[in-house]
Amino acid sequence: MEIDVLTFKNKIFDYSLKSEKDVIKDIKIFGDFFGVKDIKEIEDLLKDIEHNKGKIGNIIKNVNIDEYFSRITMEEFISLF
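Everything in the sequence shown is counted per my numbering, starting at 46 for the first residue and increasing by one.
Be aware that a few hints might be false.
[What the hints assert, rightly or not] The calculated lysine to aspartate or glutamate pairs, modelled on EDC-like cross-linking and capped at a C-alpha distance of 16 Å, are:
#	residue 1	residue 2
1	Lys70	Asp93
2	Lys106	Glu88
3	Lys73	Asp59
4	Lys106	Glu120
5	Lys92	Glu65
6	Lys66	Asp93
7	Lys100	Asp89
8	Lys70	Asp89
9	Lys70	Asp83
10	Lys82	Asp111
11	Lys106	Glu65
12	Lys66	Glu95
13	Lys100	Asp67
14	Lys100	Asp111
15	Lys63	Glu88
16	Lys82	Glu65
17	Lys98	Glu112
18	Lys73	Glu86
Simulated from the structure, these hints should not be mistaken for lab results.
Let's have the full structure, built from the sequences with the hints guiding it.
Structure representation (structure tokens):
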């Protein structure tokens, strides 16, 4: 498991990611970002896709990211990977 802890816009993002051959097999996201929707929905979207910013962006392009992470743009979220 790869584990990253990032501070971003005064928010703490902690995620663990397991990948095999550059494909995300498991991901858990924690932090103090206080969205209104369950982060598990984002985790489920990211499973079994290539660990690549373009692929991640394509998978979540229609998601209202602010509902999961307050005060962060889609581009900022994708940059975390």
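Tested hints:
{"no.": "1", "hint": "Lys70 - Asp93", "verdict": "holds (5 Å)"}
{"no.": "2", "hint": "Lys106 - Glu88", "verdict": "holds (14 Å)"}
{"no.": "3", "hint": "Lys73 - Asp59", "verdict": "holds (8 Å)"}
{"no.": "4", "hint": "Lys106 - Glu120", "verdict": "holds (10 Å)"}
{"no.": "5", "hint": "Lys92 - Glu65", "verdict": "holds (11 Å)"}
{"no.": "6", "hint": "Lys66 - Asp93", "verdict": "holds (11 Å)"}
{"no.": "7", "hint": "Lys100 - Asp89", "verdict": "holds (14 Å)"}
{"no.": "8", "hint": "Lys70 - Asp89", "verdict": "holds (10 Å)"}
{"no.": "9", "hint": "Lys70 - Asp83", "verdict": "violated (19 Å)"}
{"no.": "10", "hint": "Lys82 - Asp111", "verdict": "holds (9 Å)"}
{"no.": "11", "hint": "Lys106 - Glu65", "verdict": "violated (24 Å)"}
{"no.": "12", "hint": "Lys66 - Glu95", "verdict": "holds (9 Å)"}
{"no.": "13", "hint": "Lys100 - Asp67", "verdict": "holds (11 Å)"}
{"no.": "14", "hint": "Lys100 - Asp111", "verdict": "violated (20 Å)"}
{"no.": "15", "hint": "Lys63 - Glu88", "verdict": "holds (12 Å)"}
{"no.": "16", "hint": "Lys82 - Glu65", "verdict": "violated (28 Å)"}
{"no.": "17", "hint": "Lys98 - Glu112", "verdict": "violated (20 Å)"}
{"no.": "18", "hint": "Lys73 - Glu86", "verdict": "holds (11 Å)"}
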